[in-house]
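Could you build all of it, start to finish, from the sequences and the hints given here?
In terms of our numbering, the sequence shown is residues 3 to 308.
These aren't lab readings, by the way, just hints derived from the structure by calculation. Take these hints with a grain of salt, some might be off.
What the hints assert, rightly or not - In silico lysine to aspartate or glutamate, DMTMM-like type, Cα no more than 20 Å apart, as pairs:
| hint | residue 1 | residue 2 |
| --- | --- | --- |
| 1 | Lys170 | Glu202 |
| 2 | Lys58 | Glu13 |
| 3 | Lys58 | Glu16 |
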Amino acid sequence: MNIEQLQYIIEVAEQGTISRASENLHVSHSAISQAISSLESELEVTIFDRSRSGTKSTENGKAVLKLAYEIMNRITELKEIGQKSTLLQGELKISAATIYFSTFLPEVLYSFKKDFPQVQVIIQERETHDIIKEVKNNQFDLGLILGNDVTFKALDSRVHSQTLLPSKLMVCVSKHSSLVYNQVVTPEELLQEPLVIRNEELSKTFWDSLFLNYGEGNVVFSSNNHDVIKNLIANNFAVGIFTEFWIKNDPLVLNGDIIPIPYFDHNFMESYLISLIPKQKHPSLILKEFIKCLNNTLRNYTLQNM
3 MNIEQLQYII EVAEQGTISR ASENLHVSHS AISQAISSLE SELEVTIFDR SRSGTKSTEN
63 GKAVLKLAYE IMNRITELKE IGQKSTLLQG ELKISAATIY FSTFLPEVLY SFKKDFPQVQ
123 VIIQERETHD IIKEVKNNQF DLGLILGNDV TFKALDSRVH SQTLLPSKLM VCVSKHSSLV
183 YNQVVTPEEL LQEPLVIRNE ELSKTFWDSL FLNYGEGNVV FSSNNHDVIK NLIANNFAVG
243 IFTEFWIKND PLVLNGDIIP IPYFDHNFME SYLISLIPKQ KHPSLILKEF IKCLNNTLRN
303 YTLQNM
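Here it is, written out as structure tokens:
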């Protein structure tokens with residue numbers, strides 16, 4: 003038995019076929035197949051049932067895989083002992099929703115790179131459903147999304163989630179809007195206004211629920227460009243919805259062209275900033291340090307905006 007064999011069976015289990023595992027690991031199909039057969043002979047168990055439709059782990063195989071994950075995680079921990087005594091280096095892959103880029107993520111990245119200049123950070127801006135899928139498939143070390151209770155319930159068992167911060171919804175209106183003096187905006191009041199809607203999953207879920215509970219609204223614009231949406235609101239063409247973190251330090255809010263007003267609805271589920279990591283993959287020392295930096299920045303960000 004060797005480490006490569008354990009790596010191979012884990013990759014085959016995650017990818018579902020030897021062919022896809024071969025592509026990801028850049029190892030020949032036959033080499034992986036022979037390594038698995040050799041391990042099965044040594045352990046005297048069948049790890050995978052192989053068919054044209056794919057490779058599925060047996061009951062004994064699931065037990066072997068569980069131990070293989072534990073062994074590989076311990077090996078990672080051993081390697082980190084050496085890393086702690088030297089300057090941290092390696093790679094960190096992050097997939098994040100747009101809200102993070104326009105708020106505190108740049109500050110987190112700056113702070114982290116200042117402390118760990120030799121770590122290469124690869125970061126992509128993605129939609130929520132793509133982020134969840136990519137983290138589940140171990141394509142990224144960390145996912146950062148905006149979600150609600152429904153999001154938590156829909157998460158795959160292979161993903162570990164953590165709430166970073168709650169984030170209230172704000173109805174955003176122009177300084178010339180008739181709603182500007184409201185203390186709160188109710189669903190009934192919101193539906194009397196021309197609406198601009200963001201083309202993304204969580205936003206669509208919110209509006210679909212609102213229309214189902216309170217009737218159809220007057221949607222005059224729909225866009226996935228947040229600057230376009232905010233300019234439409236500032237120029238009093240439409241009313242929109244943003245989470246408080248998204249618009250709190252926005253220039254159009256700070257100069258008074260956009261007025262954010264709390265949204266009040268008993269049927270509404272609160273939104274959260276959520277972090278995701280692959281459950282079966284041991285968090286690297288790099289990831290642990292980044293999350294520590296993220297939490298510190300969020301704590302300062304919250305205190306500054308109280």
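Going through the hints against the structure:
1. Among the hinted pairs, Lys170 with Glu202 is consistent with the structure: their alpha-carbon atoms are about 18 Å apart, no more than 20 Å.
2. Between the alpha carbons of Lys58 and Glu13 the distance comes to roughly 12 Å, so the proposed pair stays at or under 20 Å and holds.
3. Restraint check for Lys58 and Glu16: the C-alpha separation of about 10 Å stays at or below 20 Å, so the hint holds.
Comparing the model with each earlier hint shows no violations; every hint is respected.
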